[in-house]
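**Q** One letter stands for each residue in the lines below.
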Amino acid sequence: MVGKKAVKERTRSASRSAFIAGVGKWIFVGIMIVFTIYPIIYTVLGSLKTNVELTQGGGFLPSEWHFENFYQAFVEADFVRYTGNSIIVSTAVTALAVITCSLAGFILARRNFVGKKVLLALYMTMMFVSLGSVTLYPIYELLQALKINKSLVGLIIALTGGQAANVFLVMGFTKAIPKELDEAAIIDGCSLYGVYSRIIVPLSKPILAVVALFAFRNSWNDYITSLIMTIAVPKLQTLTVAVVQLKYSVNAAAEWHIMLAGASIAIIPILIVYMLAHKQFIAGLTAGAVKG
Amino acid sequence: MKWRKGAAMVTAGVMALSLLAGCGAQDAETTTASGSAGSNVSAEENNGEKTVITIWSKDRHDASYVQQKIDEYNANNTDNIEVQYSLYTDNFEQAVDMAVQSNEMPDMLVLSENVFNKYVDDGWWANLYDYMDDDMKDYFKDVIIPGYNERDGKLYFIPTCGTTCRLFYNTEIFERVGIEKAPETLEEMVEDAKLITSTLSGEGIYGFAESMKSANSGLSRSMIVGLQRETGKPYGYDFAKGEYDFTDWADTLKLWTELLSEECAFPGCESLDIDPLRTQFAAGKIGMYMSYSHAEPGVYANQFPMDSSKWDCAPIPTVGNKTTGKQYYEGTSGYMINAKGKNVEKTFQVYKDIFASEDYLIGYYEGGYGVSIIPAIQEKAQPSEDFKNKKWLLINNDTDAMLPKPPHTAFVSGMVVEGEDMFKTCESIYYGGADVESTLQDLTDRYNAAYQKAIENGTGYEIKIPDYDPMNPTMN
Amino acid sequence: MKGKQAALRPMQRKKAVIKNLQAYSFMLPNLILFAACSLYPVIWTLKYVFYQYGGYGTGEPLFVGFENLARVFRDKVYWESVLHTFTYGFGKLILILPLAFFLALLLNEQKKGNGLAQSIVFLPTIMSSAVMGLVFYLLFNAYNGEINKYLMEAHIIDQPINWLGKDHAMKTLVITAVWGGVGNYMVYFIAGIQQVSTDVIESAKIDGAGRLQSIWYIILPMLGPILKIILMLAITSAFNDITNVMVLTEGGPNNATMVMSLYGYKYFFPVSATQAAVPQYGYGAAVSVISAVIAGAVTVVYLKISKKLDDIY
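Chains as they are written, first to last, in this note's numbering: chain A, 32 to 323; chain B, 1188 to 1663; chain C, 2 to 314.
Calculated directly from the structure, the hints in this document are not laboratory data. Beta carbons are placed, not taken as given, at the ideal position from N, Cα and C, and that holds for glycine. Not one of these hints is a red herring.
Derived BS3-like pairs (lysine-lysine); straight-line CA-CA distance at most 27 angstroms:
1) Lys178/A - Lys266/A
2) Lys1237/B - Lys178/A
3) Lys278/A - Lys1611/B
4) Lys1527/B - Lys266/A
5) Lys1328/B - Lys1592/B
6) Lys278/A - Lys167/C
7) Lys1611/B - Lys77/C
8) Lys1472/B - Lys167/C
9) Lys1611/B - Lys1640/B
10) Lys1529/B - Lys1324/B
11) Lys16/C - Lys206/A
12) Lys147/A - Lys15/C
13) Lys1640/B - Lys48/C
14) Lys1381/B - Lys167/C
15) Lys178/A - Lys1527/B
16) Lys167/C - Lys1611/B
17) Lys305/C - Lys148/A
18) Lys20/C - Lys206/A
19) Lys112/C - Lys56/A
20) Lys1529/B - Lys266/A
21) Lys310/A - Lys113/C
22) Lys48/C - Lys148/A
23) Lys112/C - Lys310/A
24) Lys1533/B - Lys266/A
25) Lys1611/B - Lys172/C
26) Lys148/A - Lys15/C
27) Lys148/A - Lys308/C
Derived contacts from chain A toward chain C, CB cut-off under 10 angstroms, selection only:
28) Pro70
29) Leu85
30) Thr86
31) Leu134
32) Asn143
33) Gly146
34) Glu172
35) Ala189
36) Lys310
From chain B, some residues computed to sit far from chain A (all C-beta separations above 10 angstroms):
37) Tyr1335
38) Glu1362
39) Glu1390
40) Glu1430
Please take these sequences and the hints and turn them into a complete structure.
**A** The following block contains the structure:
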């Protein structure tokens, strides 16, 4: 009898402590959620407020929804052009990164060739040598010598870069694909190109998706490379650069609502991509970290 | 498994993206061909006969006026010229450097002393005398100063306005706390700032502000200029002796440390740019600040509206109102023409028709974008109330003069100073609490060492004006 | 090897050449980008370490030998910036790791709400740090930033806090870094926790281990491998973070937030205000090379230590 009661007690206290734990959990998680999402909500809601509301104080929600702020940003601050630039640059970088990494990763995983060891060592070294953004200057000089610094092509190349980490990522993934598949295909009369396009590419889609997602994110969000590559030709600026430059523009320095509208234009597309593919972002991150 | 499905979807997306990118890349080329500022060639090819003249500016305060004049010109000119005007802000010099490297220097550039100095010796600037007729030479004769804009018989730019730095103050705030007139000594100024902050900080009103995000930009428009009058040694350079000496900056810096302390200063000066500062001044939150005399009237008339009766300006206070020299004024609103451009002659035509026309210059002065230094304009123009009532907005020969260039600006890149420059060193005193005397001595030593080394390396030369009189400065 | 190759018949040799060419046709697109954007800039930088050079229009590069490197060692501000880099990295680490770990612990189970919470906390990692740097400036600025407004309305403070002033700028920077990174580290931790098999945890529960006990004795030790990766990432990212510093504080005030990556950058791309701001490519190159060596050394030391820890476990 006594034992039964004790068990009952125990389960009750257990469920109570579980309840308390649950409340504690959601208080902590709730605070973290507010912390992470507040700046984003501030940006999006702020972009619909008036300047006075923003700078002199006002409610959490806009008192009136000023969608014309976006019209001003798009038309008067020329954000149509910058949005176009951003879309072109990010998609091109994504495509270029996926194609080059996939080709290189495949051949490094599957073939021995003269100089392979040297190349692998070089790639590995460069992953660990981080000179930072000063390398943008020689890159700019080089692009200029090749006369591609006046167009978005130069920026696309600079942003894509060597992709050493991603090459290793794809290489590792390809190595895990059974070699027998290649061999069977070769016996069936496939060339090396055939093996690549018919066997390897379809099977390495998951890892290529990771490369693509992160290449897209990085190029869409990049600031410094895009800033340097477009300094002499401002019409090539991407959204991030244009948004930060608003701080120094003729009128927007005083017009926070325009700055926030610009910021919203820059973050909303990536938010949408995230909503569609947030699971892949999260899973891709660990794939990259654990395997790379 | 879910992951796989998702991955497949994403891959499909990527494929679609790469398809898009295929067309995207082409778009990129066409956009740049027709859009980029430097591509006059392709633009010319596209519409046959139109000549595109590119102009770069760094000046925000007059941008709307200039743009309007250019639009008018583009609509009305009969020479089939299209002027493209681009405004660069904080990146102006970087942009020019990078453009020069890739041979994309625009046809015309707004006057910037650094840019002018850097490229003048390599023959980048056109000699305006080659294109000017006698009437034009005569019209601007008063602003042609040998050693400044005329060198070896060549004229490189014509300044049409002048600027120097003044103390700007909010008269309403002064009245409220009972300050009767603008401070003349730096000591007085500190007292006034303290008074304002202690009385009105509850309302968010503070005594003093300066745009200290960049020490260089903040001090160049304030302390450094006051020190020119106080010490007679512009930028710490003693022209008579031919050496740097920053040690007599000590008293000024001690008072500036107080000015920038919580007792006086607007919170957040450390991260303030000049435009946000102006918005706060216009909103009546700042008692005093120092800035360029040519820009502020236009700013408060157009950019951030403020009632003209609410502000005024005065000379920058010095320690004990000590005056041993003059403070610099420099020409503004001049333009340099790229001598290596494709259409130098047409560019000059544009320059003459727009920027050197009497109509433009009168409108510029009357609009409050700058203080004219051309006698004919001063005579004809009806400047705004600001310039009639606020005498310190004008260049004053009792306090202001053109100053010669010290070594570190005369050969900009030839003289490499180790460690922090004079601006950042001052910052280490007023924000970092570094010891004033020893820091200034060290600064003096470093600048002199760099100067000597520049001479040794042949990247610089000796600058000395033996009979230099700070009250009547001569150009080098 | 050589003898063997020489003995190959011409046919075979031709085949080998074709095979190699084929391989390089795959390698080439990436190799070109790699050479142009990774290899060449490093070689360029290493060369200019030995020159004084101000860019086009300022005369030819002047060979100065080891002068630039020696100057780095005399440069007090640079070594302060190294110290700031460590302060920044360490501050970020000690805040972000516990927060991320607890979030992971609380949100790793496949329950309703957890997935959504995860996605929200992860959100900042996909945001542009430059754009958000601008937003943070608006939020934190002393005179009419939203943060001060809230704190004053709640009567927590009665004078605005100077968030970007010399006393608080570094803290503010760390807060924004935590904001941008906590989701990232949470996901790593979740991956680690999920590798600890649920069987182990269940059996611990049956054995009567409490929640905290199972965290302390079972989950934490088994997180060893992932923790190593996490620390590695945290260290390398601390050396490379530059965008948010650039946009939010530009290293100021009085270099209080100057980190070593930004210090080198400033000699390449000086912020041009009004007076002479001329690039010093040679000195900037020397600064960057020394910084890279420091970052490399820290990484190597870390790897050594973590290996030693492995042996202990």
